[in-house]
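Protein chains in written order, with my numbering: chain A, 1 to 174; chain B, 175 to 703.
By construction, these hints were calculated from the structure, which means they are not laboratory data.
Honestly, I wouldn't trust all of these hints.
What the hints assert, rightly or not - Cross-link-like lysine to any residue pairs, in silico, SDA-like; alpha carbons within 25 Å at most:
(1) A:Lys93 to B:Gly669
(2) B:Lys596 to A:Val12
(3) B:Lys487 to A:Ser146
(4) A:Lys129 to B:Asn595
(5) B:Lys596 to A:Leu57
(6) B:Lys596 to A:Gln127
(7) A:Lys129 to B:Leu678
(8) B:Lys653 to B:Asp565
(9) B:Lys212 to B:Lys296
(10) A:Lys122 to B:Asn674
(11) B:Lys487 to A:Asp17
(12) A:Lys129 to B:Ile685
(13) A:Lys142 to B:Gly484
(14) A:Lys122 to B:Gln616
(15) A:Lys142 to B:Arg626
(16) B:Lys596 to A:Pro13
(17) A:Lys142 to B:Val622
(18) A:Lys147 to B:Ile481
(19) B:Lys661 to A:Arg22
(20) A:Lys147 to B:Lys487
(21) A:Lys129 to B:Ala629
(22) A:Lys142 to B:Arg621
(23) B:Lys596 to A:Asp17
(24) B:Lys661 to A:Ser42
(25) A:Lys129 to B:Ser677
(26) A:Lys93 to A:Gly52
(27) B:Lys487 to A:Pro13
(28) B:Lys596 to A:Glu128
(29) A:Lys64 to A:Asn118
(30) B:Lys487 to A:Ser148
(31) B:Lys487 to A:Glu144
(32) A:Lys122 to B:Thr682
(33) B:Lys578 to B:Asp694
(34) A:Lys147 to B:Arg626
(35) B:Lys227 to B:Met341
(36) B:Lys301 to B:Leu372
(37) B:Lys613 to A:Asn118
(38) A:Lys147 to B:Gly484
(39) A:Lys129 to B:Tyr659
Source: prediction; values computed, not measured.
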Amino acid sequence: MATEPEAAEPVVPSLVDRYFTRWYKADVKGKPCEDHCILQHSNRICVITLAGSHPVLQSGKTIKSISYQISTNCSRLQNKGAQFLTELAPLCKIYCSDGEEYTISSCVRGRLMEVNENILHKPSILQEKPSTEGYIAVVLPKFEESKSITEGLLTQKQYEEIIVKRINATTATS
Amino acid sequence: MFPLTEENKHVARLLFNTGTCPRCIFRFCGVDFHAPYKLPYEELLNELRKFLKTGKDELILEVPNPPPKKIRLQELEDRNDNMNQNGEGRLSVIEDGSIASKNSNLNVCNVCLGILQEFCEKDFIKKVCQKVEASGFEFTNLVLSVSFPPQLSVREHAAWLLVKQEMGKQSLSLGRNDIVQLKEAYKWITHPLFSEELGVPIDGKSLFEVSVVFAHPETVEDCHFLGTICPDCFKPAKNKQSVFTRMAVMKALNKIKEEDFCKQFPCPPNSPKAVCTVLEIECAHGAVFVAGRYNKYSRNLPQTPWIIDGERKLESSVEELISDHLLTVFKAESFNFSSSGREDVDVRTLGNGRPFAIELVNPHRVHFTSQEIKELQQKINKSSNKIQVRDLQLVTREAIGHMKEGEEEKTKTYSALVWTNKAIQKKDIEFLNDIKDLKIDQKTPLRVLHRRPLAVRTRVIHFMEAHYVDAHHFRLYLKTQAGTYIKEFVHGDFGRTTPNIGSLMNVTADILELDVESVDVDWPPALDD
Numbered sequence: 001m002a003t004e005p006e007a008a009e010p011v012v013p014s015l016v017d018r019y020f021t022r023w024y025k026a027d028v029k030g031k032p033c034e035d036h037c038i039l040q041h042s043n044r045i046c047v048i049t050l051a052g053s054h055p056v057l058q059s060g061k062t063i064k065s066i067s068y069q070i071s072t073n074c075s076r077l078q079n080k081g082a083q084f085l086t087e088l089a090p091l092c093k094i095y096c097s098d099g100e101e102y103t104i105s106s107c108v109r110g111r112l113m114e115v116n117e118n119i120l121h122k123p124s125i126l127q128e129k130p131s132t133e134g135y136i137a138v139v140l141p142k143f144e145e146s147k148s149i150t151e152g153l154l155t156q157k158q159y160e161e162i163i164v165k166r167i168n169a170t171t172a173t174s
Numbered sequence: 175m176f177p178l179t180e181e182n183k184h185v186a187r188l189l190f191n192t193g194t195c196p197r198c199i200f201r202f203c204g205v206d207f208h209a210p211y212k213l214p215y216e217e218l219l220n221e222l223r224k225f226l227k228t229g230k231d232e233l234i235l236e237v238p239n240p241p242p243k244k245i246r247l248q249e250l251e252d253r254n255d256n257m258n259q260n261g262e263g264r265l266s267v268i269e270d271g272s273i274a275s276k277n278s279n280l281n282v283c284n285v286c287l288g289i290l291q292e293f294c295e296k297d298f299i300k301k302v303c304q305k306v307e308a309s310g311f312e313f314t315n316l317v318l319s320v321s322f323p324p325q326l327s328v329r330e331h332a333a334w335l336l337v338k339q340e341m342g343k344q345s346l347s348l349g350r351n352d353i354v355q356l357k358e359a360y361k362w363i364t365h366p367l368f369s370e371e372l373g374v375p376i377d378g379k380s381l382f383e384v385s386v387v388f389a390h391p392e393t394v395e396d397c398h399f400l401g402t403i404c405p406d407c408f409k410p411a412k413n414k415q416s417v418f419t420r421m422a423v424m425k426a427l428n429k430i431k432e433e434d435f436c437k438q439f440p441c442p443p444n445s446p447k448a449v450c451t452v453l454e455i456e457c458a459h460g461a462v463f464v465a466g467r468y469n470k471y472s473r474n475l476p477q478t479p480w481i482i483d484g485e486r487k488l489e490s491s492v493e494e495l496i497s498d499h500l501l502t503v504f505k506a507e508s509f510n511f512s513s514s515g516r517e518d519v520d521v522r523t524l525g526n527g528r529p530f531a532i533e534l535v536n537p538h539r540v541h542f543t544s545q546e547i548k549e550l551q552q553k554i555n556k557s558s559n560k561i562q563v564r565d566l567q568l569v570t571r572e573a574i575g576h577m578k579e580g581e582e583e584k585t586k587t588y589s590a591l592v593w594t595n596k597a598i599q600k601k602d603i604e605f606l607n608d609i610k611d612l613k614i615d616q617k618t619p620l621r622v623l624h625r626r627p628l629a630v631r632t633r634v635i636h637f638m639e640a641h642y643v644d645a646h647h648f649r650l651y652l653k654t655q656a657g658t659y660i661k662e663f664v665h666g667d668f669g670r671t672t673p674n675i676g677s678l679m680n681v682t683a684d685i686l687e688l689d690v691e692s693v694d695v696d697w698p699p700a701l702d703d
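With the sequences and hints as input, model every part of the structure.
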């Protein structure tokens, strides 16, 4: 299973390390291993990304196309009338060449600021750089909720524990 | 020389009998030269009485001695009382409006409510000047701003209608413009008194303003009938302020028909019991501007104070380190700091520095020699090694425009320490030197997206110069258009700035250090040393 390549001894903290806190949601909507990673900036902006354990990021998967589940009225480059999302709101659907479809959810409540059009044009970016260029969307939580939104999410450590549990469970059953 | 002539007599008598003071009588008789107004009140009263006492068929004006019992008089309160609180005089006036005894200069004028009686005379002016001197302002001239209660306009209007009617009997006309304005006459009298007392000229363009505000609580309701008759002249009140502003009252008076006015308001106006009160005497100096250029040598200093939830996150700030000294020396109330753009907390500003301008609000001290400004600059520079200033100088308000121009239009040069994930060689960065006027598209960086609208900005990187450091580092010098986000150009901001150094070199790049090398604005003018 391909996990997010963590530098064993980071010489320099990456851009994400410096400005963001990583939060996770595992098995989103009950679907096994459909893990999301929310990058929370110190200014409370959240970048929705796929966690390394997500099926789409596993070797052998090819993405056929991605489509955003947003009403056509939502103008992506204006703040006026931007959508307010709940945790379960779908952001986009990923269609793979093997017929599998995956829905990516917001995982945090907030205003949808932007969706990443780069992955529409070149879906492979999502797989090559899921934590940066391959992000899904940007969501801005309400000021009052900026701390509470992380209450339902897993820390890096908690996420790693879940991964370990899964591996053990798989090994046990195999 | 007494300015009234025979033809003024009817009007003068009418006004005098109905309780109008000599100076207001002059105004309504069109006396438009200063000298008569400046004579002392007592003298004017006597001269007026003499003037009116002629012939057989006029009213008896002389009050016999002893005064009839009907007249009750009371001296004005001791004028040494605090004028700010209560400048009222207390008087009683007989209902039929006959004049008081010549011992009293105490009828409160039914038109000016005392403004052209005691409030334009030396004693009051002296009181105001004492307050001005006590305020500690440094000034070489001043502008006087006086504010009268709106009901004065109503009374003026009533007196005008009265006089117009009287003159009509003699087939003479009287336009509003034939009457000398109250404020004008007031200034004729008081300006020389202020100048003499404070030793400076009155100048309409002066930055130093002395403002005196009068009120007359007793007659506040005089205006209210206008609100009923001309409601559209009065806008809803904001902040508990009265709807009856001077402007609104004037507008209504221009609109209202004469007959309607006379039905609602007595012509002549009745005599009040008290003179105006002095609501406030304030001094203020217009803002002065100081400009210069600053260098920033700390990677831990914000431009403005960084305070979250009342807690200061980082010690001090660029603006405080510069402005605090200016606040003290100029004895100003507050400051507004602006600069030609700004840098992040962790970015140094080298080279000639970044232009800034500071507006000092209500400064008490404003005159400085260039030597004194130089010393002030040295003082600022000695007090901190985090910032240094140069070219410190006094400038005009136009300074702020230069700041904005510099921020939006002028180029800047930077030096960045770049890290790459892949190992590089010298030849891998040489191509950067050949790129000229590179256009980049920058979406609003994630780090400011919480407070700026999402947009795409096209910017130009004019040229670059790359200096190899080691396998994972190089120094990049670049000259860019104003408003370019340098950090995002280096690390790409999740692919939202394109192209970026990473995409140009096909690596993952990050920025470790950033310095501003120059801000290409040739303002403020460079000073020697």
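Is the Cα-Cα distance between A:Lys129 and B:Ala629 25 Å or less?
-> Between A:Lys129 and B:Ala629 the Cα gap is close to 23 Å, so the pair holds against 25 Å.
Within 25 Å, alpha carbon to alpha carbon, are A:Lys129 and B:Leu678?
-> 17 Å, holds
Taking 25 Å as the top limit, are the C-alpha atoms of A:Lys147 and B:Lys487 close enough?
-> 19 Å, holds
Can the restraint linking A:Lys142 and B:Val622 be considered satisfied, given a maximum Cα separation of 25 Å?
-> 15 Å, holds
Is B:Lys653 within 25 Å of B:Asp565, Cα to Cα?
-> 24 Å, holds
Does A:Gly52 lie within 25 Å of A:Lys93 when you go C-alpha to C-alpha?
-> 18 Å, holds
Is A:Lys122 within 25 Å of B:Gln616, Cα to Cα?
-> It holds: about 19 Å lies between the C-alpha atoms, which stays within 25 Å.
Measure nothing beyond the straight line between the CA atoms of A:Lys142 and B:Arg626; if it is 25 Å or shorter, mark the hint as holding.
-> 15 Å, holds
Satisfaction of hint between A:Ser42 and B:Lys661, Cα-Cα up to 25 Å | 17 Å, holds
Is it true that the CA of A:Lys129 sits at most 25 Å from the CA of B:Tyr659?
-> Given that 25 Å is the threshold and the Cα spacing comes to 22 Å, the pair holds.
Pairwise hint evaluation, A:Val12 against B:Lys596, where the allowed Cα distance is 25 Å at most = It holds: about 13 Å lies between the C-alpha atoms, which stays within 25 Å.
Please work out if B:Lys613 and A:Asn118 have their alpha carbons no farther apart than 25 Å.
-> Since the Cα atoms of B:Lys613 and A:Asn118 sit roughly 19 Å apart, the hinted pair holds (cutoff 25 Å).
Comparing the model with each numbered hint stated earlier shows that all of them hold.
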